[in-house]
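Undergrad: Chains as they are written, first to last, in the numbering used here: chain A, 1 to 441; chain B, 1 to 441.
Source of the hints: derived by calculation from the structure; they are not laboratory data.
These figures come from a predicted structure and were not determined experimentally.
Ideal placement from N, C-alpha and C gives every residue a C-beta, glycine not left out.
There could be a bad hint or two in this list.
[What the hints assert, rightly or not] Label-pair distances were calculated between CB atoms; the ranges are:
#, chain 1, residue 1, chain 2, residue 2, range
1, B, Ala-263, A, Glu-160, 22 to 28 angstroms
2, A, Leu-224, B, Glu-160, 22 to 28 angstroms
3, B, Arg-158, A, Glu-160, 29 to 35 angstroms
4, B, Arg-397, A, Ala-6, 51 to 57 angstroms
[Stated by the list, open to error] With a cut-off of at most 27 angstroms between alpha-carbon atoms, the simulated DSS-like pairs for lysine-lysine come out as follows:
#, chain 1, residue 1, chain 2, residue 2
5, A, Lys-28, A, Lys-200
6, A, Lys-268, A, Lys-200
7, A, Lys-28, B, Lys-76
8, A, Lys-76, A, Lys-47
9, A, Lys-129, A, Lys-47
10, A, Lys-76, B, Lys-28
There are 2 protein chains.
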Amino acid sequence: MTTITAVTAHDVRFPTSLSMDGSDAMNKDGDYSAAYVVIHTDDPALKGYGFTFTIGRGNDLCVEAARQRGIPLIGKDVELAVADLGGTYRELQSDSQLRWLGPEKGVVHLALAAVMNAMWDLAARQAGKPLWRLLCDMTPEQLVDAADMRYLSDALSRSEAIVLLSELAPTRGERITELEASGYPCYTTSAGWLGYSDEKLRRLLSEAVADGYRHLKLKVGANLDDDIRRCSIAREVIGWDATLMIDANQVWDVPEAIDWVRALSDFKPLWIEEPTSPDDVLGHAAVRRAVAPIGVASGEHGMNRVLFKQMFQAEAIDFCQLDSARLGSVNEILSVYFMAKKFGVPVCPHAGGVGLCELVQHLSIFDYVAVSGSLEGRVTEFVDHLHEHFVDPCVVRNGAYVLPSQPGYSAEMFDSTLQEFSFPAGSYWVETSGSSQPSWV
Amino acid sequence: MTTITAVTAHDVRFPTSLSMDGSDAMNKDGDYSAAYVVIHTDDPALKGYGFTFTIGRGNDLCVEAARQRGIPLIGKDVELAVADLGGTYRELQSDSQLRWLGPEKGVVHLALAAVMNAMWDLAARQAGKPLWRLLCDMTPEQLVDAADMRYLSDALSRSEAIVLLSELAPTRGERITELEASGYPCYTTSAGWLGYSDEKLRRLLSEAVADGYRHLKLKVGANLDDDIRRCSIAREVIGWDATLMIDANQVWDVPEAIDWVRALSDFKPLWIEEPTSPDDVLGHAAVRRAVAPIGVASGEHGMNRVLFKQMFQAEAIDFCQLDSARLGSVNEILSVYFMAKKFGVPVCPHAGGVGLCELVQHLSIFDYVAVSGSLEGRVTEFVDHLHEHFVDPCVVRNGAYVLPSQPGYSAEMFDSTLQEFSFPAGSYWVETSGSSQPSWV
Numbered sequence: 001m002t003t004i005t006a007v008t009a010h011d012v013r014f015p016t017s018l019s020m021d022g023s024d025a026m027n028k029d030g031d032y033s034a035a036y037v038v039i040h041t042d043d044p045a046l047k048g049y050g051f052t053f054t055i056g057r058g059n060d061l062c063v064e065a066a067r068q069r070g071i072p073l074i075g076k077d078v079e080l081a082v083a084d085l086g087g088t089y090r091e092l093q094s095d096s097q098l099r100w101l102g103p104e105k106g107v108v109h110l111a112l113a114a115v116m117n118a119m120w121d122l123a124a125r126q127a128g129k130p131l132w133r134l135l136c137d138m139t140p141e142q143l144v145d146a147a148d149m150r151y152l153s154d155a156l157s158r159s160e161a162i163v164l165l166s167e168l169a170p171t172r173g174e175r176i177t178e179l180e181a182s183g184y185p186c187y188t189t190s191a192g193w194l195g196y197s198d199e200k201l202r203r204l205l206s207e208a209v210a211d212g213y214r215h216l217k218l219k220v221g222a223n224l225d226d227d228i229r230r231c232s233i234a235r236e237v238i239g240w241d242a243t244l245m246i247d248a249n250q251v252w253d254v255p256e257a258i259d260w261v262r263a264l265s266d267f268k269p270l271w272i273e274e275p276t277s278p279d280d281v282l283g284h285a286a287v288r289r290a291v292a293p294i295g296v297a298s299g300e301h302g303m304n305r306v307l308f309k310q311m312f313q314a315e316a317i318d319f320c321q322l323d324s325a326r327l328g329s330v331n332e333i334l335s336v337y338f339m340a341k342k343f344g345v346p347v348c349p350h351a352g353g354v355g356l357c358e359l360v361q362h363l364s365i366f367d368y369v370a371v372s373g374s375l376e377g378r379v380t381e382f383v384d385h386l387h388e389h390f391v392d393p394c395v396v397r398n399g400a401y402v403l404p405s406q407p408g409y410s411a412e413m414f415d416s417t418l419q420e421f422s423f424p425a426g427s428y429w430v431e432t433s434g435s436s437q438p439s440w441v
Numbered sequence: 001m002t003t004i005t006a007v008t009a010h011d012v013r014f015p016t017s018l019s020m021d022g023s024d025a026m027n028k029d030g031d032y033s034a035a036y037v038v039i040h041t042d043d044p045a046l047k048g049y050g051f052t053f054t055i056g057r058g059n060d061l062c063v064e065a066a067r068q069r070g071i072p073l074i075g076k077d078v079e080l081a082v083a084d085l086g087g088t089y090r091e092l093q094s095d096s097q098l099r100w101l102g103p104e105k106g107v108v109h110l111a112l113a114a115v116m117n118a119m120w121d122l123a124a125r126q127a128g129k130p131l132w133r134l135l136c137d138m139t140p141e142q143l144v145d146a147a148d149m150r151y152l153s154d155a156l157s158r159s160e161a162i163v164l165l166s167e168l169a170p171t172r173g174e175r176i177t178e179l180e181a182s183g184y185p186c187y188t189t190s191a192g193w194l195g196y197s198d199e200k201l202r203r204l205l206s207e208a209v210a211d212g213y214r215h216l217k218l219k220v221g222a223n224l225d226d227d228i229r230r231c232s233i234a235r236e237v238i239g240w241d242a243t244l245m246i247d248a249n250q251v252w253d254v255p256e257a258i259d260w261v262r263a264l265s266d267f268k269p270l271w272i273e274e275p276t277s278p279d280d281v282l283g284h285a286a287v288r289r290a291v292a293p294i295g296v297a298s299g300e301h302g303m304n305r306v307l308f309k310q311m312f313q314a315e316a317i318d319f320c321q322l323d324s325a326r327l328g329s330v331n332e333i334l335s336v337y338f339m340a341k342k343f344g345v346p347v348c349p350h351a352g353g354v355g356l357c358e359l360v361q362h363l364s365i366f367d368y369v370a371v372s373g374s375l376e377g378r379v380t381e382f383v384d385h386l387h388e389h390f391v392d393p394c395v396v397r398n399g400a401y402v403l404p405s406q407p408g409y410s411a412e413m414f415d416s417t418l419q420e421f422s423f424p425a426g427s428y429w430v431e432t433s434g435s436s437q438p439s440w441v
């Protein structure tokens with residue numbers, strides 16, 4: 001018997017604000033950060049690693065919340081806990097006092113994601129499989145048992161979900177073979193951050209095209225004239241056969257979103273991402289009706305499965321961009337994938353940040369193999385930052401994620417990274433005296 | 001010139017779980033708590049007090065978040081800050097790194113509420129007025145400037161809001177005179193907690209009727225047979241002329257909510273409160289269509305103004321129960337009141353907890369005087385717990401809140417309360433060794 005002996009949480013921050021990586025119309029100076037969780041067992045060779053992603057200040061809140069979330073795991077038998085990941089999730093989630101602080105949103109939900117991401121990593125490591133394969137080896141019933149289906153029965157019942165998964169179950173192997181040959185298609189945002197100069201934008205777009213990307217994304221929304229100029233540069237460089245997406249990061253009210261997107265329609269973007277508040281289901285639906293055939297994409301700030309249920313019911317989005325560290329880990333992500341399948345909305349997960357690419361590759365592979373069975377309209381984000389900190393970093397070739405082969409959820413960071421970038425005591429932060437950070441430390 | 005010198009945040013917890021006060025189908029053992037904020041100035045006679053409300057574990061997260069939220073206030077000129085409370089709010093709210101952790105929901109938003117509640121208290125004290133009067137003395141333009149109108153323009157524009165407030169402005173004085181005579185009507189939940197025995201329920205309901213209450217509320221949703229028995233007792237005691245409300249605290253999926261409420265329809269409740277996830281706008285709308293003429297009430301977990309906007313747009317609720325410590329203080333509450341007026345939905349604020357009654361009385365009075373101009377369908381919650389800890393506690397007579405007269409937002413607690421119930425170092429918690437609390441401390 002192997003027992004969970006401790007759950008530790010670590011504040012890891014990278015000074016990305018110095019290079020304007022990740023800058024957009026809402027978030028001008030993020031320091032990409034992780035509230036990083038390690039589940040320790042009495043087997044020195046077996047640990048679980050997970051995290052949630054933040055952009056700096058407040059990462060400490062998620063770390064402390066994750067520490068509290070992890071306490072019920074201590075002393076559990078690993079075999080029993082990983083054999084019932086749905087039950088493990090529900091036990092953590094049902095703490096009514098912590099629930100009050102959301103419910104199911106914000107810091108306590110991000111912390112649940114961090115801890116359960118580590119539990120899923122532990123489960124995959126214990127099984128000796130990458131997470132995507134662990135999921136692909138589960139039966140439809142096992143997947144639905146693991147999923148958080150609460151509050152969803154008016155949109156998708158348990159039996160409907162099983163039927164939907166059963167249709168694809170016999171042919172899962174074929175699609176694995178296919179992805180092993182071709183990888184899972186991705187697009188890049190690395191070129192398009194708002195803080196980059198026109199010259200840097202032009203150079204990075206050229207490089208991305210040379211690297212094989214056919215989908216490229218620009219940040220917009222701060223200034224319309226700038227957006228028109230940057231979109232013109234983008235089309236000059238990538239041509240009209242490649243796909244351009246634009247992303248406003250929630251800066252507009254609904255009427256403003258409609259006017260602004262229409263003013264950029266000549267550049268024929270595939271989608272406008274986060275045109276307004278991520279909570280505004282009816283607002284997204286209104287924007288979608290007004291800007292068609294330009295699609296609407298949202299989800300990186302989608303707080304929980306109930307929001308996504310409504311996005312589907314209201315026909316508010318053309319592309320579902322769920323976030324692997326904001327939803328309550330694989331348990332809640334599963335139910336969003338099931339609903340997306342039923343409502344016919346392609347899932348194109350949000351990535352970037354730190355470590356999100358490492359996670360979402362597993363989810364996208366699983367989706368194609370076991371849920372959607374389709375690559376049409378699907379492309380997963382890739383941003384080429386900070387992968388060097390991961391023991392099993394994602395690999396992208398010819399604009400596609402190569403299937404991960406090591407056991408786990410690819411979430412483990414190097415010890416040296418923790419030593420350097422732990423906040424505020426890591427060597428980087430001690431040496432710079434937190435100079436890129438304001439006075440709140 | 002008076003300057004803000006410090007913003008301190010305090011973890012205050014009361015062991016209400018010992019008496020099952022506050023027990024409902026979702027929250028079985030809450031310890032009512034406050035993340036309590038004090039804004040200090042260089043004038044020893046001028047401080048601001050505010051808080052957000054939680055039910056125990058995780059209150060420390062809100063305290064730390066409030067400490068971080070308060071930092072930008074330090075060094076500000078009090079006169080300038082209170083003269084532009086809209087600008088002060090937007091400065092705190094626009095911290096993009098903390099925003100990522102919501103956005104505008106969960107722990108960071110609760111913390112914003114706590115800090116800005118203290119700023120509004122400071123503003124009212126500096127003006128020498130109770131908060132309701134400070135608000136009633138503001139012009140329509142000043143009120144709209146203070147309100148958070150972002151993301152709302154598809155439902156209510158700035159100019160519409162000004163027109164709507166201007167209609168009632170000339171007659172504000174008449175309604176103040178009226179309320180000074182009669183108070184603002186309230187209802188009580190004190191009798192109906194789920195953990196109380198039938199005998200205690202019967203006794204408390206009888207006492208409430210004798211105290212003049214005409215509206216009484218029961219918790220439901222754990223067991224249908226129990227609910228039928230408890231509703232029968234309630235109608236026996238209060239008769240059929242008094243108004244009964246029921247509250248499920250989010251325990252049901254949408255189809256279950258519809259079946260369960262229909263099974264209780266013979267008891268003719270005025271409303272079913274929180275029938276399902278508080279995030280589920282479309283779900284509330286579906287329940288409302290199915291259980292009419294029983295009304296649907298929701299809002300105590302309504303995370304922000306964008307949720308309420310959609311509740312109004314989708315005709316999802318009959319009663320808006322905004323929460324004074326969950327929304328981003330008066331700034332965000334104002335915009336919800338404005339929208340409620342436009343959409344014709346009565347606002348019946350959530351209270352109870354610790355200190356919420358003290359806050360919402362100000363809001364309800366302001367609503368009647370300056371926004372709605374009507375008492376029809378309006379009744380504000382009152383729960384008779386923990387008022388003894390407040391320097392200026394609310395006073396209820398004949399089922400109505402008596403108008404507060406002291407300067408401020410009635411949020412100040414006694415120093416002795418802080419000494420006794422600060423967690424974990426207050427004398428109560430030291431003496432009990434935190435025995436009512438689990439092992440996470």
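Undergrad: Does A:Lys-47 lie within 27 angstroms of A:Lys-76 when you go C-alpha to C-alpha?
TA: holds (14 angstroms)
Undergrad: Between B:Ala-263 and A:Glu-160, is the Cβ distance one that fits in 22 to 28 angstroms?
TA: holds (25 angstroms)
Undergrad: Look at the Cβ atoms of B:Arg-158 and A:Glu-160 and judge whether their distance stays inside 29 to 35 angstroms.
TA: Roughly 45 angstroms apart at Cβ, these two residues miss the hinted range, so it is violated.
Undergrad: CB of A:Leu-224 to CB of B:Glu-160, is that within 22 to 28 angstroms?
TA: holds (26 angstroms)
Undergrad: Range first: 51 to 57 angstroms. Now tell me if the beta carbons of B:Arg-397 and A:Ala-6 are that far apart.
TA: holds (55 angstroms)
Undergrad: Is A:Lys-129 close enough to A:Lys-47, meaning Cα to Cα at most 27 angstroms?
TA: Between A:Lys-129 and A:Lys-47 the Cα gap is close to 14 angstroms, so the pair holds against 27 angstroms.
Undergrad: Given the hinted pair A:Lys-28 and A:Lys-200, is their Cα-Cα distance within 27 angstroms?
TA: holds (17 angstroms)
Undergrad: Keeping to a limit of 27 angstroms between CA atoms, is the pair of A:Lys-28 and B:Lys-76 held or broken?
TA: Judged against 27 angstroms, a Cα distance of about 24 angstroms means the pair holds.
Undergrad: Does A:Lys-200 lie within 27 angstroms of A:Lys-268 when you go C-alpha to C-alpha?
TA: OK: A:Lys-268 and A:Lys-200 at ~22 angstroms, within 27 angstroms.
Undergrad: Within a Cα-Cα threshold of 27 angstroms, do A:Lys-76 and B:Lys-28 meet the stated pairing?
TA: The hint holds at about 24 angstroms.
The structure fails hint 3 only (numbered hints given earlier).
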